[in-house]
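Visitor: Read off the chains here:
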Amino acid sequence: MRDLYGAACGVADVILSGHVHALEVFAPQPGCAGMWTAVSGAAGEVGDGPVGVRPAAFAAYGQPGFLRLEITPDALTVWAYTVAEDGVVTAREAARLRRG
Amino acid sequence: MLPRLRMGLALVLGGLLVACAPRLTDNMNVPDVQAGLPTLPADRLRVLVMGDQGTGTDVQWRVAAAMREVCAREGCDLGVGLGDNFYPSGPKDASSPLFRERFADVYGPLGVPFLMVPGNHDESWLVGGDGADARGAEVQVAYSRLNAQWVMPGRSYRALVGALAEFFAVDTAPLAAYLPGLRPADRPGGAWPLSGRGSRARCGAAGRAGGWCWGITRCSVTGNTGMPVSTTTCR
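Same order as they appear, the protein sequences are chains D and Y. Residues 19 to 118 in my numbering are what the first sequence spells out, letter by letter. Residues 405 to 639 in my numbering are what the second sequence spells out, letter by letter.
It is worth saying that the hints were derived from the structure and are not from the lab. Where is the CB? At the ideal position from N, CA and C, for every residue including glycine. The reader is advised that the hints may include incorrect statements.
Said to hold, decoys possible - Derived DEER-like restraints, expressed as beta-carbon distance ranges:
1. Y:A546 to D:A51: 34 to 42 Å
2. D:G24 to Y:D436: 18 to 26 Å
3. D:A51 to Y:A552: 32 to 40 Å
What the hints assert, rightly or not - Non-contacting residues of chain Y with respect to chain D, defined by C-beta distances greater than 12 Å in every case (computed):
4. P435
5. V437
6. A439
7. L441
8. P442
9. T461
10. R466
11. S493
12. P495
13. R504
14. A546
15. P588
Given the sequences, and given the hints that come with them, work out the whole structure.
Guide: Rendered as C-alpha cells:
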C-alpha cells in the first residue's frame, strides 16, 4: 500500500478510501506534501473510536455516514454527513481546498 | 468462541494451501482501462462518497435514505463506492440477487453512476472478509456490464470528467487481506500488487489540464484506527 501511496504522491490531490468504519479527513502528511486523505467507511457499518492521535481536519467515529464532494475548477469542498438513529442528518464542512 | 475457532481453522488451512502454491512474481500487464461515464457537469461536480456499505442492515438503508435527502436538497452527479460492497462475502456470480438487494434497490433511486472498487469482504474465500479470492472482484467487473450505474470496467481503471476531475481506481483489497491470496499473483509481492505500483496511480488528461486528480482505493496508510495504522491488514 505504501508503494501505491508513494506512486500517487505528486499525482493525486486526494486519496479516497474506506475499510475503516468512520469518517476521517487528513491534511497532507509529512511524507507527501500536497496529497489529502479522505476516509469514508461508515455507510453500512459503524466502528469504535480512534486509537491513534494523528491530527485530523475532520473525524467522526461511532456514527454512520458518508462524505460528499463539491468540485469546481478553483476549489473543492469535502462535506461530512452523519446520520442519527432517528434518521436526522447532520452536515459539516470537513475541508476546503483552493487551487494556487 | 465458534467464530474464533472457525477463523483459526481457516487461517491454518489457508496457510497450508498457499504454502504449497508456487510464488508468482512475473510481470502482469495492467491495461489502461477508461470508464465510460454519461455526460457530467464540467464546472461543478458533486460526488457522494460511501464505503463499507453492503451490510443489508438498517444502517445501510438509513444512510442511503440520508443520501437521497441530501442529494434532493444539494444535488449529486456521481458516486464513489470504496469497497465491502457486500457482507459477509461478495457474490460468486454476476446474476446474484445480492447485486439488486444491496446495491440496485438501495442506490438506484439516486440515479447517479457509482465508481466502485472491491473490498476484502467482496474477495472472501474461506471466511467473510479474508480477502483471499480476487475472483470476487472479477464478478463485480462482470456486473458492471449488466448495470450501467455500477461502474467497474476493470480491477483498476480511470474515469475522466472533462477537464475538471479524473479518478484512478485501484483494487487494493488483496493488500487488506487477512489470508494470503488464493492465486499467488494476487498476494503481496505478487504480480498484481507489483505491477500496479506506479502504473495505476496516475491521472492523464485532467492532470495535464490542471483538473483535480483523485485516487480511489480500498485502504489508507493515514488514519487513527487500528487498521490503516497497522501494516498487518493493509500492507
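Visitor: Each of the hints needs a verdict: does it hold here or not?
Guide: Results of checking the hints against the structure:
Range check, Y:A546 to D:A51: Cβ separation about 40 Å, and the 34 to 42 Å hint holds. The supplied range of 18 to 26 Å is met by D:G24 and Y:D436, whose beta-carbon atoms lie about 20 Å from each other. Checked against the hint of 32 to 40 Å, the pair D:A51 and Y:A552 passes, with Cβ atoms roughly 38 Å apart. The beta carbon of Y:P435 sits about 17 Å from the closest Cβ of chain D, which is more than 12 Å, so the claim that it is off the interface holds.
At roughly 17 Å, the least C-beta separation between Y:V437 and chain D is larger than 12 Å, which holds for a residue marked as non-interface. Against the 12 Å criterion, Y:A439 stays outside the reach of chain D, whose nearest CB is about 15 Å from its own CB. Even its closest Cβ contact with chain D, about 14 Å, leaves Y:L441 beyond 12 Å, as expected for a residue assigned away from the interface. With a least beta-carbon separation of about 17 Å from chain D, Y:P442 lies farther than 12 Å from that chain, consistent with its non-interface assignment.
With a closest Cβ-Cβ approach of about 6 Å to chain D, Y:T461 is found to fall inside the 12 Å limit, against its non-interface label. With a closest Cβ-Cβ approach of about 6 Å to chain D, Y:R466 is found to fall inside the 12 Å limit, against its non-interface label. At roughly 14 Å, the least C-beta separation between Y:S493 and chain D is larger than 12 Å, which holds for a residue marked as non-interface. Against the 12 Å criterion, Y:P495 stays outside the reach of chain D, whose nearest CB is about 16 Å from its own CB.
The Cβ of Y:R504 sits about 16 Å from the closest Cβ of chain D, beyond the 12 Å cut-off, so the non-interface label holds. Separation of Y:A546 from chain D is adequate, the least Cβ-Cβ distance of about 22 Å exceeding the 12 Å criterion. No beta-carbon of chain D comes within 12 Å of the beta-carbon of Y:P588; the shortest separation is about 18 Å.
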